[in-house]
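Note that the protein sequences, when read in sequence, are chains S and P.
Residue numbers for the first sequence follow UniProt numbering, beginning at 1 and rising by one.
Residue numbers for the second sequence follow UniProt numbering, beginning at 1 and rising by one.
Treat the hints as calculated values from the structure; they're not laboratory data.
Each hint should be verified, as a subset may be incorrect.
Remember, identical chains collapse to one label, so a pair may be satisfied in a single copy or spanning two.
Quick list of in silico lysine-lysine cross-link-like pairs, DSSO-like style, CA-CA up to 30 Å [as the list claims (entries may be wrong)]:
hint : residue 1 : residue 2
1    : K223      : K280
2    : K96       : K265
3    : K96       : K68
4    : K207      : K121
5    : K259      : K68
6    : K280      : K259
7    : K173      : K255
Since the model is a prediction, treat every value here as computed from it, not as a measurement.
So the chains spell out like this:
Number of protein chains: 2
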Amino acid sequence: MTKPLIIALDAMGGDFGPEIVVSAASLALAQLGQGVRFQFYGREDHIRKHLNADQALLAASEVIHTDKIISSDERPSIALRNGKDSSMRLAIDAVKDGRADAVVSAGNTGALMATAKMVLKCLPGISRPAIASVFPTRSGDIVMLDLGANVSCDAEILTQFAVLGAVYARVVKGVPTPTVGLLNIGSEDIKGHDEVRAAAAILSSIKFPGRYHGFVEGDDIPKGEVDVVVTDGFTGNVAIKVAEGVSEFITHMMKDAFKSSLLAKLGALLAYGALKRMKKRLDPRVYNGGMFLGLNGICVKSHGGMNAFGFSSAILVAANLVRNDYNRRVAQEIEQVMNQESFFSAVAAGQGGNSA
Amino acid sequence: MTKPLIIALDAMGGDFGPEIVVSAASLALAQLGQGVRFQFYGREDHIRKHLNADQALLAASEVIHTDKIISSDERPSIALRNGKDSSMRLAIDAVKDGRADAVVSAGNTGALMATAKMVLKCLPGISRPAIASVFPTRSGDIVMLDLGANVSCDAEILTQFAVLGAVYARVVKGVPTPTVGLLNIGSEDIKGHDEVRAAAAILSSIKFPGRYHGFVEGDDIPKGEVDVVVTDGFTGNVAIKVAEGVSEFITHMMKDAFKSSLLAKLGALLAYGALKRMKKRLDPRVYNGGMFLGLNGICVKSHGGMNAFGFSSAILVAANLVRNDYNRRVAQEIEQVMNQESFFSAVAAGQGGNSA
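Let the hints inform the model, and build the full structure from the sequences given.
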């Protein structure tokens, strides 16, 4: 008998109550099958109210009561100081203590990242965790990081992110040699700021579990030009939010267009099946799950406004990371990268360039 | 009789020949009416071949011959050194010498910016020019800058961009008190890097020809949350290219969806009128024209791959800036901003904060 997969759920995070988290676990259980167990952290009475109605889930679950909740507008520093017995903190503690394999929360991103960083710490060889997510593109799904954990990143950190992303593409998405691009404002060597140019120099000279493609521009992301897009958390956060916003704007306009006349309404009705397939392909709920990569423990953030289906996607993302042994693979690969002579000399050369 | 509006056209820039530039001028002439004159810079035989077929345009045009062309992959530094007699440089020189009111080119952006900066210089009170453009949003068109001229920008430069954008929204778009947002990765005061926080402090404390709205995030751009979005050239360039890429991706998927079955095809046929109106609303050719704001002369960059209609939009953008006396208004407003005691103290406080 294999060891069960245990997922700690912060039942109180997000814009909703534990109802959504319990329903999400139920959907995830159906997908993941036997061998998965859930720990619900939060107000036991609220959780039980929904959990008791689902016998299969109940049999696979444990409830750990706490009254304390980190609110969605809590500052990360306050959450760290006062959040010791919060549902979020207890769920992360379970991963740290080896009582759970992964934690999923829809709570406050800043508090979750700060707490996960403090409690779980970074993997050896990783200086900072990154937020990564998967996106649909013309050429299939790609992964992008950092999406907001680090406002600025030096070349060495961008290189670590490249390894984090490439290992994800390889072990979770099954791409044997993932291509990695650095997000920049032009493809020529002279473009961009010092950090991105120095990172390009390192990635061009080292061996890592992917192939360095070169610089990519904003429009290369939805084209799916590379399997992994690496950037700092400021640029990545703006990029992903612009993508979401534009997607919503066009969908909105399309709806308006189809409502604008009787003929258009009839047209929409006839094209309904095709439009529905298209909508499914772009469904943000399917792509829900901000992975906190680089930590010594699996932690996934669900969007706070998601419904049960969206939250269950985040649970599946966490389960995939655990089942593919993502963290152990990263630790191996990053050690190999750091042992390369070419890594040291490229980092040293880049630092010389930066300070010049 | 009013003074004619004279527009210098780099007839050799872009992925096409002078044919497109001549056709574009013809379209622009029809829009702008009498009182506009064009100068075509480039190979006279090529230009005349197309120009001679259009009597109305011919009567409003002058051709200045040069064999020299700056190629689309020329490095800006090389273009500056060797481009003295190029069509791009001669067209910019005409604005500098007062022989033309504005220059429009579809040539190499880096070379155009470097040359325009060197030849025209910045307006008094402006340290760096910015590339600005207009975008469609849910709440009408907005303007965003910088889209790539400056990889990094300090708080004072971001403040100047806010003034450049606000004056544009007021005098060209006719918004009496434009709202200005700083692009960031969260709306709270503590979010982002030093430069954007220091710029927020300055904009909150000064009087300028707009109203400071606060931080905006990536998805606020297509929502049209503010009239003017201010950011550094790295982030702005990524943001606009992501928006273009996502828009293309969705349009592409929509086409595929409508082709996927006979019913869907019939649906598309019925909704044709509505979809066409939607397409028109998002037509990138209408929004073509990267304005180089902050220079002592009007310079507009057309996208290199545009057809005549797209290039004519860039000419109309240039004409609008001239006819609304944009540069004189900026010079007045920036002087007023810089004369404020609150501007000095906010800049000084921000610099103290940055170096701490």
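Results for each hint:
When the C-alpha separation of K223 and K280 is checked against a cutoff of 30 Å, the pair qualifies both within a copy, at 18 Å, and between copies, at 23 Å. With identical chains, the CA atoms of K96 and K265 are never at most 30 Å apart, being 54 Å at best within one copy and 55 Å at best between copies. In this homomeric assembly, K96 and K68 come within 30 Å of each other (Cα to Cα) only inside a single copy, at 19 Å, whereas the closest approach across copies is 67 Å. When the C-alpha separation of K207 and K121 is checked against a cutoff of 30 Å, the pair qualifies only within one copy, where the shortest distance is 26 Å, while the shortest distance between copies is 46 Å.
Taking the shortest Cα distances, K259 and K68 never come within 30 Å of each other, neither inside one copy (47 Å) nor across copies (53 Å). In the homo-oligomer, the alpha carbons of K280 and K259 lie at most 30 Å apart both inside one protomer (20 Å) and across protomers (17 Å), since each shortest distance falls under that limit. Taking CA atoms no more than 30 Å apart as the test, K173 paired with K255 passes between copies only; the shortest distance there is 28 Å, against 33 Å inside one copy.
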